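Enquirer: Sequences listed follow chains G, H and F, in order.
Using numbering that gives the first Met the number 0, the first residue of the first sequence is number 0, and each one after it goes up by one.
Using numbering that gives the first Met the number 0, the first residue of the second sequence is number 0, and each one after it goes up by one.
Using numbering that gives the first Met the number 0, the first residue of the third sequence is number 0, and each one after it goes up by one.
Check before you lean on any hint, since a few could be wrong.
[Said to hold, decoys possible] Straight-line alpha carbon distances no greater than 20 Å define the calculated SDA-like cross-link-like pairs of lysine to any residue that follow: (1) H:Lys212 x H:Leu100; (2) G:Lys94 x H:Gly55; (3) F:Lys147 x H:Tyr30; (4) F:Lys126 x F:Lys350; (5) F:Lys147 x H:Ala147; (6) F:Lys163 x H:Asn144; (7) H:Lys27 x F:Gln141; (8) F:Lys163 x H:Ala147; (9) H:Lys27 x F:Gly124; (10) H:Lys247 x G:Val105; (11) G:Lys277 x H:Leu108; (12) G:Lys94 x H:Met301; (13) F:Lys147 x H:Ser162; (14) G:Lys94 x H:Ala265; (15) H:Lys27 x F:Asn146; (16) H:Lys212 x G:Pro278; (17) G:Lys94 x H:Leu307; (18) G:Lys277 x H:Leu100; (19) F:Lys100 x H:Leu284; (20) F:Lys147 x H:His236.
[To be verified] Listed next, the stretches of chain G that the computed footprint assigns to chain H, with coverage defined by at least 3 CB atoms under 8 Å from CB atoms of chain H: (21) 94 to 101; (22) 108 to 122; (23) 262 to 272.
Keep in mind the hints are simulated off the structure, nothing from the lab.
Note that the coordinates shown come from a computational prediction; the quantities given were computed from them, not determined experimentally.
Heads up, the beta-carbon is just placed ideally off N, CA and C, and yes, glycines get one too.
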Amino acid sequence: MAAYTQALVNGIMLGAIYVVVALGLTLVFGMMHIVNFAHGEIYMLGAFVLWTFQVALGVNYFLATIITVVVLFILGMLLELIFFSRFPGRAGLFKSLIICLGLAAVLPNTVSLIYSPFSKNIPSVFTNSLQFAGLFVPSERLLVILFSVVFVGGLFLFLKRTRTGQAMIAVEQDGEAAEMQGVSISRVRLYCMGIGAALAGGAASFVAPVLGASPWMGGDMIMNSFNIIIIGGMGSLPGAVLGGLILGLAQSFGPMWVSPPMVNLLVFFMIILILLVKPTGLLGHA
Amino acid sequence: MLKEKKTLQFLAIAVIVVLAFLVPAFIKERYLLHVFITIFYFVILAASLLLIMMVGQMSLAHAGFVAIGAYTAGIVTRDLGWSLWVAMPLAGLTSGVIGALVGFPTLRLRGTYFLLVTFAFGSLVTLFFGNILDNVFGGVVGFRNIPAPTFELGSFKVDFIASRVPYYYLALVLALITVLAMYRLRNSRLGVIFNSIAQADGLAEHCGVNLMKYKVMAFSIACIFPGMAGAFYAGYHFVVFPADFTFKESLTTLIQMIVGGTGSLAGPVVGAAGLTIVQELLTALPYQKAIIFGGILIVVVMFLPGGLVGVPGQVVSIFRKFRRPERVNVETKPKE
Amino acid sequence: MARRRLLVIAAAVLAVVMVVAGTTCTSGPTPTPVVVVATPTAGPTPTTAIGTETLLIGNLSILSGAGTGYGFSAARGVERGIELWNDAGGLVVGGKRYMLKIDTYDWGYTADSGRTAAEKAINDGCKIIFGVGTANTAGAQQTTEPNKVLLLAQTASNDLVTTKFPYTFRILMGADGLYSPGMDYVWDKYPDKRKLFVTAWNDATGKLVWETWKPLVNAMGWSKVDFQYYEPGTTDFAPFINSYLLPANPDVFALVSRTGETGLLIKAARQFGYKGIIYWAAGGGSVPELQIAGDLAEGVIVNQEWDWKGQFVPEAAKPEALSYLSRYGSNPTVHLITALDGLRMLAAAMKKANSVDTTAIRDTLPTIEWDSYWGGKGKLYPVKDRPGATMNFGMPVSVCDSKNTALVNVGFGLPPALKTK
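Could you put the whole structure together from the sequences, leaning on the hints where they help?
Expert: Following this line, the structure appears as structure tokens:
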């Protein structure tokens with residue numbers, strides 16, 4: 000029984016990480032129609048920005064986290080300004096896809112040349128494990144859940160309560176109508192890309208102390224993130240939360256019954272089954 | 000005028016094909032022949048992928064279908080002991096049938112949704128060959144010891160091991176068959192229907208086109224060719240690893256097609272050839288290869304809107320602007 | 000427009016900060032070109048006018064993607080070996096002086112890319128190729144064997160150096176020899192710990208490596224051996240630890256795992272309450288890896304990784320390893336020294352064969368001895384039915400120190416082939 004409870008706790012912790020990364024991906028897809036294959040690499044860059052400030056420059060962890068989020072926000076806006084603003088809408092889907100793939104090739108290999116191909120350690124603030132009733136809950140992972148809740152809550156509040164957030168939702172629902180109401184699409188896109196990247200950077204800054212920073216960490220994360228938004232429904236924010244938790248729990252409970260390679264296989268099998276029953280994903284709409 | 004242009008085009012293509020057949024007479028180096036063979040292999044994949052795009056869809060499972068073809072051919076030639084010439088159509092057939100089975104339930108999905116289903120399916124195929132029935136497929140350590148193809152016609156015998164030239168012609172013929180088939184499809188009644196689906200599927204449906212039927216048909220036909228390419232891969236490399244067919248390989252094909260240009264059949268061909276050559280040239284810079292390749296992709300997409308095949312047109316239009324500066328004021332307003 | 004410019008400037012400043020931080024803290028992993036003096040003053044200067052020829056040596060390594068941890072050490076090992084060769088004034092064979100030139104390619108991690116890179120190197124004129132990896136070696140063999148090109152591979156698999164591939168030699172030990180010294184150390188030091196759990200990663204390399212080592216592990220006489228593959232690319236090992244390691248409750252947890260994943264495995268095992276011994280068999284490039292686990296890596300026993308300044312390190316290997324450390328800022332893996340030793344082996348074989356013909360070298364290789372970087376005479380050992388196919392050397396075993404994740408060499412194990420003598 001303890002093993003199952005432990006698996007439940009682990010699954011939630013894993014899901015918490017996935018949710019924040021996938022939220023950025025689904026936000027960018029829903030509003031900008033960009034299949035951002037570079038999202039994982041932006042997440043990886045976040046970890047190295049954190050490392051630069053926290054380890055190399057000796058900034059306090061919490062301050063470094065804030066810096067990372069701000070830096071990644073700016074980076075996201077720059078990517079939009081330089082690249083994606085040229086290929087708006089569904090018509091630019093494939094062009095922006097190639098840009099993302101180009102970035103996905105450039106970024107990790109550049110980081111590997113500059114920072115060495117090995118993983119970098121980012122010291123955790125808490126290193127102990129809490130123990131009760133045979134359960135182990137590492138404190139740093141509790142911090143991950145806490146951060147994740149703050150980020151997800153913050154994002155939903157921002158979208159619900161601010162003018163910019165409402166404008167973003169309007170664009171997601173119907174771009175042309177929103178534009179006629181006086182919403183500046185280019186501005187919304189700018190914020191959207193910035194927030195997407197900032198979410199990835201935020202996720203990186205609380206995941207990196209737990210899992211380290213490696214130039215190749217983006218590739219694994221992007222696979223999982225795509226799986227999540229397929230499960231939850233592309234472009235759907237609640238879907239990303241649901242999908243992240245489902246994937247986290249599946250990867251946590253799966254190994255208890257089948258071998259780890261089979262877990263991956265079954266996850267993809269599950270995805271295809273879900274899509275056959277509900278083609279737009281669990282919470283998605285066409 | 001139009002007819003003249005067409006004859007000219009036809010002549011140019013004929014010259015290129017004849018030259019392609021003459022290449023082994025001038026080039027003897029095994030490596031250069033290998034590069035040509037790789038180009039033909041990618042031409043098969045990229046050209047067939049364009050067919051899926053013709054019905055307004057995009058697939059990330061192409062490498063998965065190559066794997067299906069490669070493993071089919073591997074089992075047929077190694078374990079059943081049949082010839083590769085039987086295995087190759089069989090591999091294409093298997094791949095096409097599986098394509099239809101996959102396409103039937105999933106082609107209801109549009110655009111990006113379908114893209115991601117094929118992504119999931121492609122990954123599933125790789126994981127399947129890596130982890131299921133290890134004693135049949137060899138598992139992650141690969142399917143090995145695939146025999147080399149043989150060809151005998153009376154006293155005429157082709158040695159596939161001593162020289163790479165037979166492989167060159169095999170790949171060239173396969174690529175030509177693919178391109179020709181795609182060309183005929185595009186210019187047939189079927190092609191017109193496919194095109195109408197891509198342009199406005201709602202309208203096409205109103206006009207009595209059975210959307211699902213034609214989409215599944217296009218997808219299934221497009222999957223036959225990677226299956227045959229897979230059979231070629233097995234007969235050429237003699238080893239097949241699941242890791243050779245991950246969705247990254249599908250992305251390579253997709254990149255080649257888009258960078259080449261999706262407006263015509265020449266696009267995938269030029270893209271496959273151009274990017275393969277770039278990849279080979281970049282091996283001279285091993286530490287920076289991936290970075291430069293990524294940079295090239297970005298530059299091409301940013302500055303060559305028509306893809307690689309659009310370059311001559313772009314050059315001509317720049318030239319015209321210089322010739323007639325007075326027209327610049329009228330024409331340079333961006334369309335968007 | 001002004002805001003846009005501000006953004007670009009801010010980004011540029013940040014990029015500079017990041018690059019500077021990255022390069023100063025690792026003292027630059029970018030390969031610094033070393034000037035090779037044409038007529039070395041230290042080495043023997045050519046006295047008589049004998050013809051000089053340049054041999055091209057292929058250097059195929061994993062230089063992009065997840066395998067770079069091993070790839071960089073191996074590639075730079077060959078680079079350094081060639082530098083030393085030329086600094087010594089080349090090698091006189093058959094009345095001709097042979098200098099070496101390097102031809103480095105990234106051959107990735109798959110069979111397909113391995114073959115393409117090998118084709119390219121052979122086309123450039125390489126008759127001798129150094130390579131790292133298993134799947135890519137298998138791919139490259141499809142073209143090196145028919146072309147009679149010598150492939151000196153650093154692969155831990157036994158299947159790739161059988162009689163079917165007469166031009167392929169292994170300059171590494173097989174996994175059986177490579178992973179056993181540390182295992183023997185654990186076995187001797189903890190006589191009451193007899194329950195073992197092993198994990199290896201699930202791809203071509205991981206599987207071939209484990210299958211090569213498995214018979215030896217089973218023959219040791221553990222009271223219980225559990226095994227489970229993990230999926231390469233996993234970042235969170237909590238589910239794995241919870242589902243397999245903790246239920247098995249072993250005394251010894253043996254890891255056949257890659258860099259990038261091992262630190263996370265160790266960290267998760269300790270965080271979720273595993274108290275037993277942890278033994279990392281495939282410990283190449285372990286210092287940054289152990290740092291991921293930080294304090295939790297206390298007392299981990301590391302095989303195949305060395306504190307190059309500590310005891311037991313072969314004297315011949317020490318200066319090269321230390322110069323690598325100061326030049327690139329990271330602890331070199333065992334692949335650096337094996338590559339250097341491979342070049343010494345090659346020189347000895349060329350000398351004895353008195354030829355640079357690959358078939359002649361191939362026939363000579365099993366019969367020669369050379370001054371090994373591992374100490375004493377180097378020699379090739381048999382694999383299965385093929386005599387003289389693989390190197391076989393002793394390995395130090397390190398124990399990880401907890402405070403600053405430093406390595407301390409605690410023992411030196413002998414490979415099985417040497418032990419029987």
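Enquirer: Compare the structure with each hint and give your call.
Expert: Taking the hints in turn, this is what the structure says about them:
With a C-alpha separation of about 12 Å, the suggested pair H:Lys212 and H:Leu100 falls inside the 20 Å cut-off, and the hint holds. Taken as a hint, the G:Lys94 and H:Gly55 pair is honoured in the structure, with Cα atoms around 15 Å apart against an allowance of 20 Å. A C-alpha spacing of about 15 Å is found between F:Lys147 and H:Tyr30, which places the hinted pair at or below 20 Å, so the restraint holds. Between F:Lys126 and F:Lys350 the alpha-carbon distance is near 16 Å, which keeps this suggested pair within the 20 Å criterion.
Between the alpha carbons of F:Lys147 and H:Ala147 the distance comes to roughly 18 Å, so the proposed pair stays at or under 20 Å and holds. In summary, the hint linking F:Lys163 to H:Asn144 is supported, as the alpha carbons are separated by about 11 Å, within the 20 Å threshold. Between H:Lys27 and F:Gln141 the CA atoms are separated by roughly 19 Å; this keeps the pair inside 20 Å, and the hint holds. For a cut-off of 20 Å, the pair hint linking F:Lys163 to H:Ala147 stands: about 16 Å separates their Cα positions.
Distance check on the hinted pair: H:Lys27 and F:Gly124 sit about 14 Å apart at the alpha-carbon level, within 20 Å; holds. Between H:Lys247 and G:Val105 the alpha-carbon distance is near 15 Å, which keeps this suggested pair within the 20 Å criterion. The straight-line distance between the Cα atoms of G:Lys277 and H:Leu108 is roughly 10 Å, inside the 20 Å bound, and the hint therefore holds. Taking the CA atoms of G:Lys94 and H:Met301, the gap is about 8 Å. The hint holds against a cut of 20 Å.
In summary, the hint linking F:Lys147 to H:Ser162 is supported, as the alpha carbons are separated by about 14 Å, within the 20 Å threshold. Straight-line distance between C-alpha atoms of G:Lys94 and H:Ala265 comes to about 18 Å, which keeps the hinted pair within the 20 Å bound. Proximity of H:Lys27 to F:Asn146 is assessed by CA-CA distance (about 14 Å); at most 20 Å being required, the pair is judged to hold. Pair hint H:Lys212 plus G:Pro278 holds up; C-alpha atoms about 18 Å apart against a cutoff of 20 Å.
This hinted pair checks out: G:Lys94 and H:Leu307 have alpha carbons roughly 13 Å apart, not beyond 20 Å. Between the alpha carbons of G:Lys277 and H:Leu100 the distance comes to roughly 18 Å, so the proposed pair stays at or under 20 Å and holds. The suggested pairing of F:Lys100 with H:Leu284 holds, with an alpha-carbon distance near 15 Å, which does not exceed 20 Å. With a C-alpha separation of about 17 Å, the suggested pair F:Lys147 and H:His236 falls inside the 20 Å cut-off, and the hint holds.
With a threshold of 8 Å between beta carbons, the proposed coverage of the segment 94 to 101 of chain G by chain H holds, since 6 of its residues qualify and at least three are required. Taking a C-beta to C-beta cut-off of 8 Å, the segment 108 to 122 of chain G contributes 3 residues in contact with chain H, enough for the three needed, and the coverage statement holds. With 6 residues having a beta carbon nearer than 8 Å to a beta carbon of chain H, the segment 262 to 272 of chain G meets the requirement of three or more and the stated coverage holds.
Against the hints set out earlier in the document, no violation occurs for any number.
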